[in-house]
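Protein chains: 2
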Amino acid sequence: MSKLPDASGKLSSEFELIARLSAGIRLSRRTILGAGDDCAIVSRPRGRTLFTIDSLVENVHFDLRWGTAQALGARALAVNLSDIAAMGGRPTACVVNLAVREGIAARTLERIYAGLRNAARQASTDIVGGNITRARELSITIAMLGEVGSAAMRRDTARPGDEIFVTGTLGDAALGWRILAGKLKARGNAKKDRASRKYLVERFLRPQARLYPGQRLAALRPAPAAIDVSDGFMQDLGHILERSGVGAEIDASRIPVSPAYRALMGGNLVHALTGGEDYELIFCARPGHSESELSRRLRVGVRRIGAIVRGKRVKVIGASAPTIAGWDQLRSRG
Amino acid sequence: MSKLPDASGKLSSEFELIARLSAGIRLSRRTILGAGDDCAIVSRPRGRTLFTIDSLVENVHFDLRWGTAQALGARALAVNLSDIAAMGGRPTACVVNLAVREGIAARTLERIYAGLRNAARQASTDIVGGNITRARELSITIAMLGEVGSAAMRRDTARPGDEIFVTGTLGDAALGWRILAGKLKARGNAKKDRASRKYLVERFLRPQARLYPGQRLAALRPAPAAIDVSDGFMQDLGHILERSGVGAEIDASRIPVSPAYRALMGGNLVHALTGGEDYELIFCARPGHSESELSRRLRVGVRRIGAIVRGKRVKVIGASAPTIAGWDQLRSRG
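Sequence order for the protein chains is A and B. The opening position of the first sequence corresponds to residue 15 in the numbering used here, with each subsequent residue numbered one higher. The opening position of the second sequence corresponds to residue 15 in the numbering used here, with each subsequent residue numbered one higher.
No lab work stands behind these hints: they were computed from the structure. Even glycine gets a Cβ: it sits at the ideal position worked out from N, Cα and C. Hints may contain errors.
[Stated by the list, open to error] Output of the computed footprint for chain A on chain B, the stretches with three or more beta carbons under 8 Å from beta carbons of chain A:
(1) 54-61
(2) 107-120
(3) 144-157
(4) 291-297
[Claimed, not checked] Which chain A residues face chain B? A few, computed with CB under 8 Å, are given here:
(5) Thr63
(6) Val109
(7) Ser306
Can you build the whole structure from these sequences, using the hints too?
Laid out in structure tokens, this is it:
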């Protein structure tokens, strides 16, 4: 149709494409009106509403050659689900903005959406709307709604004396990214080495939001302070400390790393401490919870790695400082 | 901090920047927790929740040289507000994703945010969260929540016999964009011509969402079918027709255009019929409403421009077909 071809920013076949991408999306009864109108309409949430937005940009967060388009779609959803998880919420609905550059086949978009749809279904989340625009690079921006009771987990409620825990293992995604980007030398071709590399790459390409652990944690009284590890353990812990006005003492020897991480890095913890995109949860709970009790309750390994202290300093013990990039910078906040 | 500098996609000073941009944002009591955590927390809406997402991309939707950064921020909000207006809702909260390329000064981002904040305050909408990522081009993607009663205006409820109305005037923004892009020859340098051009350019750079008219329209029983004019009158009307399974008869001689439009285009309606970004409302109401009654009720000029008919065809009367690009294509849907 002859209309502001440059100012509208629409792909010529945008509407057909949205219709095709939205086809086959099953919606819950919460959704009164899904994609295809000016807005979606969703019913009132059961509790308070969580609201977040996150974006994956080509050549910044991903490279289409690194994995399948389906995995990319699922990952774009996972980074948002992880924000809901860090608050202890249940995801309910999301809207998707696709910015599409020339050279991206409709089939690639369909695969991205297939991955999105599948991940949304697994998380009981409705994809209720979308927008497609032209751009010079591919990006996927998702805004997500969730529900949470009155006791959401926040960053600003950590108190001196709280014990600091982390779920799963840290640094895997950072190593996976380095392997994909050719920044980490492959160390041997034995079957075991290949398996390690594959594990790490999958941790980067297919992150899983800790939704169930987050919901179980939010049920503790008081609800722990919490954050997800998206920017890196030290930086994300720093957000809790800053918002809560406290410091921390971290025992680096207790930082949980995977066998694959150890196989590649030995005792070097730099990526476990500073690498991002693991989407594990850091939480700060009042004393009295054991690792085994929490691991059982959250259905994921939980490690106690330190404690909240007065002041603004972060003290890292149990590791040689030179191996920990960023440690000095964080410490200098004090 | 030394951490995945390429995979994280964060600006080095992102957190300081978000803090600075979020400073001075006043929030309503609806917002329990604003920017600075993994998610915002907002209280339960009074009615159903509207949810939408839209994006402005550099060199697709805007050029930084065309207007102020403040106006750009306000415009990014307006395109979302207009989606809420088209449903008859009240905007309540939004989250903002800024993708920032190299060469964009922090000051530019601050001005964009200042425009956003100001527009949000005028619309009683809270900016409750944000995300900043690196990219190769600047883009502003906003997801917005609104509230609406049970009678939201939708695209799929038009019925044969409905009268089709439009608010304000059409085609101004399309001409404004053409003037800015150098695609429209300036016609004289008289004071009146300059005033016309300025009016049209402002209509493009500073669109106003029709929130109040939308809310008043949604109070009609039954609520009209409605859409906002973002892609162009013919195309947006087409969305109503397609979703409602009906056709339309349009009297082109009744299409409302501004004096500035007429000064530049004479009787040529092509941009009024097919140009986008006016953010006026098209609505389809049961017979019985006069233009004067509706104009008074909505506090904006309202023009009856046609009627919904059976079938899938769009018949345009009152104008010579060759002047109306897109008309044949739309008609061929039948």
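| Does the structure break any of the earlier hints, and which numbers would those be? | 4 and 7
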